[in-house]
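S.K.: Residue strings, one per chain:
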Amino acid sequence: MDALDAIFVTLKHLVVGWFPALLQPWVSALISIGAILAIFPLLFGLTTVLERKALARIQNRPGPNRVGPAGFLQFVADGIKSLTKEDIVPRAADRVVHFLAPLVVVIPPLLSFAVLPVGRNMVALDLRETGLLFFLMVGTAVELGVFMAGWSSHNKYSLLGAMRALAQLLSYELPLLLSTVPVVMLTGSLSLVGIVEKQSAVHGGFLMGWNLFTPWGAAGAVLFFIAAIAEANRSPFDLPEAESEIVAGYFTEYSGFKFALFFLGEYLGLFAVSGLGITLFLGGWLPPFSFLAWIPSWLWFLCKLAGLMVVFIWLRGTLPRLRMDQLMRFAWQFLLPMALVNLLVAGLWHFTSPWPVALRWLLGVAILAVPYLMFNRAFERRHPQRTYRYVS
Amino acid sequence: MTLPFALLAGLVLGGALAAVTCRERVHAGLFLALSLVGLALVFLRLDAEFIGFVQILVYVGAVAVLIVFAILLTRGAENPRERLGNSPGFGILLAVAVFALLAWALTSASFPKASETAAALTVRGVGDRLMREYVLPLQAIGLLLTAALIGAAVIALPAPTNPATPPTNHDPE
Amino acid sequence: MIGSGILHGLAVTAKNFAGSFTDPARLVTVGYPEERLPPKENARQFPFLVFDGDDSEAGLRCVACQICEKECPPQCIFIIKSKAKKPDHLGKPQLYPATFDIDFSVCMSCQICVEVCPFDAIKMDQEFELATADRFDGLLRHKDQLARPNAYFQKLHPTDAGAIDTLRAAEAEKARAAAAVKAAATASESVKPPAAPGSVP
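Sequence order for the protein chains is A, B and C.
Residue numbers for the first sequence follow our numbering, so the first one is 1 and each next one is one higher.
Residue numbers for the second sequence follow our numbering, so the first one is 1001 and each next one is one higher.
Residue numbers for the third sequence follow our numbering, so the first one is 2001 and each next one is one higher.
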């Protein structure tokens, strides 16, 4: 089973071995880059088809079912279509910025895959000191691309979309960063590989030491994924591209392949931030139970990624879009305070390590529950239960 | 001076120069972001990964975005025709004075020569320093930022209404 | 509780998702070109002209009265009256349309032509696959393309067609009876020229 687990690593070493020693680092890097460039856009294509099919099923429709077996080649048709479409640049647009914006949106997520450990020994660039920082840094660059796209189009809808996107990304970056801090505190490292390895401890004979299986990890994961959905501009936080309000938001004025690039960037960003969430909270490439360790590590990572995508698609099919003030209030009045409380819980978890586990759990849950219930009371006071006269 | 450093220096200086000469304010903001990215790359070439990444995280991800955001929110973002001031002489004088001050400070400061085997600066080391030696400045900065945050919240609060008529909260939610 | 509504919503959508695979009542969509829903009797697309018998020229019910042409809101009907006359189902000589065109690209399927036609000559078709590469001549339908036998009408709208057929049969019967009486009268008149003055039907 170890052979299967390390199959990609072995293959890469084999291929690299064919080249002279001088070229080997370059070949190694090129293979990693090629793998990232091949796998994640392919995943993007498959995800779009799956998403369309799943959303259709949620709405009691069959969804795309024409191209290829059960419609699974739909993304190829979509790609060909967007490639062959005319690329229109508005006359009033700022041509250079308009051209650069899709690139600034697509390249950062691709960069961030470089530090993501997708399997045992399967990381293109292991930044021992600053892996997480690199990831977060790359994530912030997308904001500028979104702004460039919205501003350069010289279209009111695009500008509104860009403003919404900036406000949203700035607001949700804070809870996103703060919810990753407990992991760094407890791991004592910014290396993503180190964070995964730290979670490989086995508790009670079979349960792996995922960060999710701690009070601060569970709360942190929920906060992280809420903020991650908002960072990825996904429903229900898709205000920047709300079709029914501002056409397509910041990429209203894009057509052809540039339009497809925005979609690609969005999904790659979603994959990247989901991969980070998997690494930080869901044990990276580790199995949930130690007796499942025979399944290859990269398959675990892919399964977790697919599971998260299913959850995101499910949420998209369920929740209506938020309003701008609700969005802001949620970030600043709920996520941020909860993330700060979670820091306290993580600190206490660290300092109470000699205590029995049940007591530590009780303490953590209690500290988290108190502000949650307070928020709940305030929320219910502000929004009393609606009564409908004509609806049962 | 090596070629990579020359390229990066060109990026930083060119971006900065474009940022101050550009008529279009949004372009100026974007050039500033470019210049800051160049600076981060300079840090990375000095093997200061942490500083380099934080530079991008904070300055490009937050500060530059805030700057363009502010440009859009303020009036007049569309017509960059107005002149900056009547007396360019005063501005030039001020700029020269600031430059002279900085140049004097830089030339008079003594930089200890780094030993060949300088200990690699770890993130842990930075944290330790911040929490031990520089804890007071850190707290002062924290206090300042908190004050700024509270001030922003106060400004953003809705204007107080006439106390005679209690505010009716017609929240449409 | 914050979040309970989200969980409730997720349960609803999950039920929908699973139900669309198991419950045919939930998945009502039909894979169109291969599968089709049975036609609805009152569905309507564009008008056609009804003719009786086998000959679309001789049996055409239209008498070129041009009421539909005048009533048509988007003015998509174009009629030229004939010079000659031909007998209708009652045996009466009537004009007929030399030209009867409908421009389907203009028609809005309002059915007003059907409502106003006193001869039940124009009815609504249910054919909707009219896509054509030529949007001018391809959608301009002439008399011979528009004419459909009465059997076709009976198949599309059985209730409507049945009522009309009974009515027309009764009319024809009455006309035939009248003609017979008239024929008898003329026959007796020819036999006995000085007929009783009160025996005229």
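None of these hints come from the bench; they were simulated from the model.
Worth double-checking, as some hints may not be accurate.
[Claimed, not checked] Straight-line C-alpha distance at most 20 angstroms; calculated SDA-like pairs for lysine to any residue:
| hint | chain 1 | residue 1 | chain 2 | residue 2 |
| --- | --- | --- | --- | --- |
| 1 | A | 156 | B | 1050 |
| 2 | C | 2015 | A | 307 |
| 3 | C | 2143 | C | 2015 |
| 4 | A | 53 | C | 2150 |
| 5 | A | 53 | C | 2071 |
| 6 | C | 2085 | C | 2099 |
| 7 | A | 53 | C | 2099 |
| 8 | C | 2015 | A | 35 |
| 9 | A | 156 | B | 1072 |
| 10 | C | 2083 | C | 2109 |
| 11 | A | 53 | C | 2155 |
| 12 | C | 2015 | A | 370 |
| 13 | C | 2070 | C | 2013 |
| 14 | A | 12 | A | 35 |
| 15 | C | 2015 | A | 55 |
S.K.: When the structure is checked against the list of hints, which entries are broken? Sort them ascending.
M.R.: Going through the list in order, the structure violates hints 1, 3, 4, 5, 7, 8, 10, 11, 12 and 13 and respects the others.
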